[in-house]
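**Q** So you can see what is in the structure, the chains are spelled out below.
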Amino acid sequence: MSAPAVADVPVLSVRDLKKYFPIRTGVLSRVSGHVKAVDGVTFDIQAGETFALVGESGCGKSTTGRAILRLTGATDGEVYYQGEDVLGASGERMRRLRKAMQIVFQDPYSALNPRKTVGSAIGEILRVHRMASGAESRERVEEVLVRCGLEAYHSYRYPHEFSGGQRQRVVIARALALDPRFIVADEPISALDVSIQSQIINLLEDLQDSFQLTYLFISHDLSVVRHMADRVGVMYLGKLVEVAEKREFYREPLHPYSQALLSAIPVSDPTVKKKRIILQGDVPSPANPPAGCPFHTRCPYVMDVCRTVPPALLQTETGHSVACHLVHPVT
Amino acid sequence: MRNVDLTAEGMPRKKTSELREVFRHLVRNRAAVVGLTIIGLFVVVSVFAPVFATHDPLAANLGNRLQPPSREHLLGTDELGRDLLSRMFYGGRISLNIGIISVLIGVLIGVPIGAVSGYFGGKLDIITQRFIDIMIAFPGILLAIVVVTVLGVGVENVMIATGIASVPIYARLVRGSVLSIKEQSYVAAARAAGLGDVRIIFRQILPNCLAPIIVQSTFQIATSILWAAGLGFLGLGAQAPTPEWGAILSNGRAYIRTAHHLTTYPGLAILLMVLGFNLVGDGLRDALDPKTRS
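As given, the protein sequences belong to chains A and B, one line each in that order.
The opening residue of the first sequence carries number 25 in my numbering; numbering runs sequentially from there.
The opening residue of the second sequence carries number 5 in my numbering; numbering runs sequentially from there.
Treat the hints as calculated values from the structure; they're not laboratory data.
Since the structure is predicted, the reported quantities are computational estimates derived from the model, not experimental observations.
Quick reminder that beta carbons are idealized off the backbone N, C-alpha and C, glycines included.
A portion of the hints provided could be inaccurate.
Here are the simulated lysine to aspartate or glutamate pairs, DMTMM-like style, with alpha carbons at most 25 Å apart [unchecked claim]: (1) K42(A) <-> E187(B); (2) K127(B) <-> D201(B); (3) K186(B) <-> E148(A); (4) K186(B) <-> D293(B); (5) K295(B) <-> E108(A); (6) K123(A) <-> D201(B); (7) K270(A) <-> E229(A); (8) K295(B) <-> D217(A); (9) K123(A) <-> E187(B); (10) K295(B) <-> E148(A); (11) K42(A) <-> E108(A); (12) K295(B) <-> D131(A); (13) K123(A) <-> D68(A); (14) K186(B) <-> D131(A); (15) K295(B) <-> E175(A); (16) K270(A) <-> D233(A); (17) K127(B) <-> E108(A).
Here are the in silico distance ranges between beta carbons for each label pair [stated by the list, open to error]: (18) V157(B) <-> I47(A): 22 to 28 Å; (19) D217(A) <-> L279(B): 43 to 49 Å; (20) N226(A) <-> D137(B): 50 to 56 Å; (21) L275(B) <-> I47(A): 48 to 54 Å; (22) L128(B) <-> V170(A): 42 to 48 Å; (23) V55(A) <-> I131(B): 14 to 20 Å; (24) D217(A) <-> A215(B): 26 to 32 Å; (25) R271(A) <-> L214(B): 49 to 55 Å; (26) S222(A) <-> L214(B): 34 to 40 Å.
Chain A with its partners taken away, still in its complex shape (with noise of 0.2 Å):
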């Protein structure tokens, strides 16, 4: 109750997350070793604004997104929403909680209980948050899905019903029948038509516009972001390497693998040359990430100091943050 209403208060507060897998081998299945999935991983979200966290498959970025809301377990570090502690949180302050953040997945297929009607499936969580019951739970269950561009009559419709547009639509209404303020879309396009991806974007959009909603957008189309996005992180191997405003970002990446990541961004004009930067190998197992930076073994520009000291998340004068020796020289 203490939350401090005062605006520059972050909606929410990652710090120094961590979700470290156990690696169980042998008979008796003792700990062997972690995946580090998310490696200590700091940033703030504000009020009304679009994070993107952005990374190749395996990075850790839908990882980071299920830590903050508890889906997954988080190793160690601190998540807040508006001041107050997630990690920590029980009983009637988590449903609270709950209620406030939510999250759109990435496959609509298999977000939604095949056995459920959509009205009767957004009814129960209603119920369970005390929010609407009966005929009341009814039409708040029909308003959202209107909200979300489906129609009233769709609530006795069972999901293998819907177009996979439509569910993903459907994920969005659930999302929303509590009201929520944050809302984690994790990949909430990839697996989805491209003629349907932008109807999808714009209802993202327009539902932010409409209920003041801040969103962490987990993505690795990086024109996608580009659209949505007001700041951009990028993940590697479980560590942001840089965090930067959109436009800061699209127009000079400070970070080798954020370059990298932008060159492959393909140009609608032909006759634009264009330097690709290909990385070469693969991205290290995480299970067993190279000692210093994480990015060494297919930088570019690798130096000595890049084998032996990790690079910290430092601020530029630009207002950019990148994990880079090259930004930041080790004195």
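Since chain A is already given, all that's left is putting chain B on it; use the hints.
**A** Positioned in the frame of chain A, the structure of chain B alone reads:
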């Protein structure tokens, strides 16, 4: 496999109660209706056994033993000259009860154990599963013998014993299903929405495990009847003069060369009943699944 229902497209659908919908679909399924009829017949015949029976099922007539089917004894007589048909009518009461009650016991105990074990995982799962391993290592009939020995001889205890003997089967089956279903995003969504573990297990996960449970149960009814017969054969189940299909079957085994009707008809009765439950089970599985229903 998505079928586009053109007529229903854009048309608001009336909300009907789930139960009525399931029933409506079940009676439209011809195989399920056949199954329901078979089970219904068995139930009626068992309940009204005194009406249908032409003879006293316990009245022995040694001068008339091992007679083949005739007008007087429609299905022949057994080794003590008792009327087989009458004995089977009365036996149905016990066998139906054994089949249904033991499956109920198995489901009511085994399903929650498997669900909790699979859902929570970790140490609880390891301990539970090692325990289930031990139970599975014994053949079901042996397990039932152990339980009957502990509880004492009697038809009720046979039901409990065969039920307990089927617990590990359900526990293992449900655990497997739960393990795969709990990784689905809708379970994560339920958790993100603040639903409690109990609600998630019973309202989100278990309804999606119904298909294997139903299929297993229809088979388990037959298995339980046969286990009960085995127990009766060992003198642990239904006692000597009490008619029970399994017992009739195993007694008749000694005369299979000279009087095959003693094994053929009880065997057929068990087969028919299992078939009935199977058909209903299949129909129920489809009727409960919204995907096949539409």
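**Q** Evaluate each hint against the coordinates.
**A** Going through the hints against the structure:
Pair hint K42(A) plus E187(B) holds up; C-alpha atoms about 21 Å apart against a cutoff of 25 Å. Distance check on the hinted pair: K127(B) and D201(B) sit about 17 Å apart at the alpha-carbon level, within 25 Å; holds. Distance check on the hinted pair: K186(B) and E148(A) sit about 18 Å apart at the alpha-carbon level, within 25 Å; holds. Restraint check for K186(B) and D293(B): the C-alpha separation of about 18 Å stays at or below 25 Å, so the hint holds.
Distance hint between K295(B) and E108(A) is unfulfilled; the C-alpha atoms sit about 43 Å from each other, more than 25 Å. A threshold of 25 Å between alpha carbons decides the hint, and for K123(A) with D201(B) the separation of about 17 Å falls inside it, so the pair holds. Simply put, K270(A) and E229(A) have alpha-carbon atoms about 16 Å apart, close enough for the 25 Å limit, and the pair holds. Among the hinted pairs, K295(B) with D217(A) is consistent with the structure: their alpha-carbon atoms are about 23 Å apart, no more than 25 Å.
Among the hinted pairs, K123(A) with E187(B) is consistent with the structure: their alpha-carbon atoms are about 22 Å apart, no more than 25 Å. For the hint linking K295(B) to E148(A), the alpha-carbon distance of about 21 Å falls within 25 Å, and the restraint holds. In summary, the hint linking K42(A) to E108(A) is supported, as the alpha carbons are separated by about 19 Å, within the 25 Å threshold. About 19 Å separates the Cα atoms of K295(B) and D131(A), which keeps this hinted pair within 25 Å; it holds.
At roughly 20 Å between alpha-carbon atoms, K123(A) and D68(A) fall within 25 Å of each other, so this suggested pair holds. Proximity of K186(B) to D131(A) is assessed by CA-CA distance (about 15 Å); at most 25 Å being required, the pair is judged to hold. Our distance criterion of 25 Å between C-alpha atoms is met by K295(B) and E175(A), whose separation comes to about 21 Å. Note on K270(A) and D233(A): the hinted pairing holds, with a Cα-Cα distance of about 18 Å set against a maximum of 25 Å.
In summary, the hint linking K127(B) to E108(A) is not supported, as the alpha carbons are separated by about 32 Å, beyond the 25 Å threshold. Between V157(B) and I47(A) the beta carbons are some 53 Å apart, a value that contradicts the proposed interval 22 to 28 Å. The beta-carbon spacing between D217(A) and L279(B), approximately 46 Å, falls within the hinted interval of 43 to 49 Å. The beta-carbon spacing between N226(A) and D137(B), approximately 54 Å, falls within the hinted interval of 50 to 56 Å.
At roughly 51 Å, the beta-carbon separation of L275(B) and I47(A) lies within the given 48 to 54 Å, and the hint holds. Taken as a hint, the range 42 to 48 Å holds for the pair L128(B) and V170(A), whose Cβ atoms sit roughly 44 Å apart. A C-beta distance of roughly 19 Å is found between V55(A) and I131(B), which places it inside the suggested range of 14 to 20 Å. Range check, D217(A) to A215(B): Cβ separation about 30 Å, and the 26 to 32 Å hint holds.
Look at R271(A) against L214(B): about 53 Å separates their beta carbons, and that is inside 49 to 55 Å. Distance hint for S222(A) and L214(B): a CB-CB separation of about 39 Å, consistent with the stated range 34 to 40 Å.
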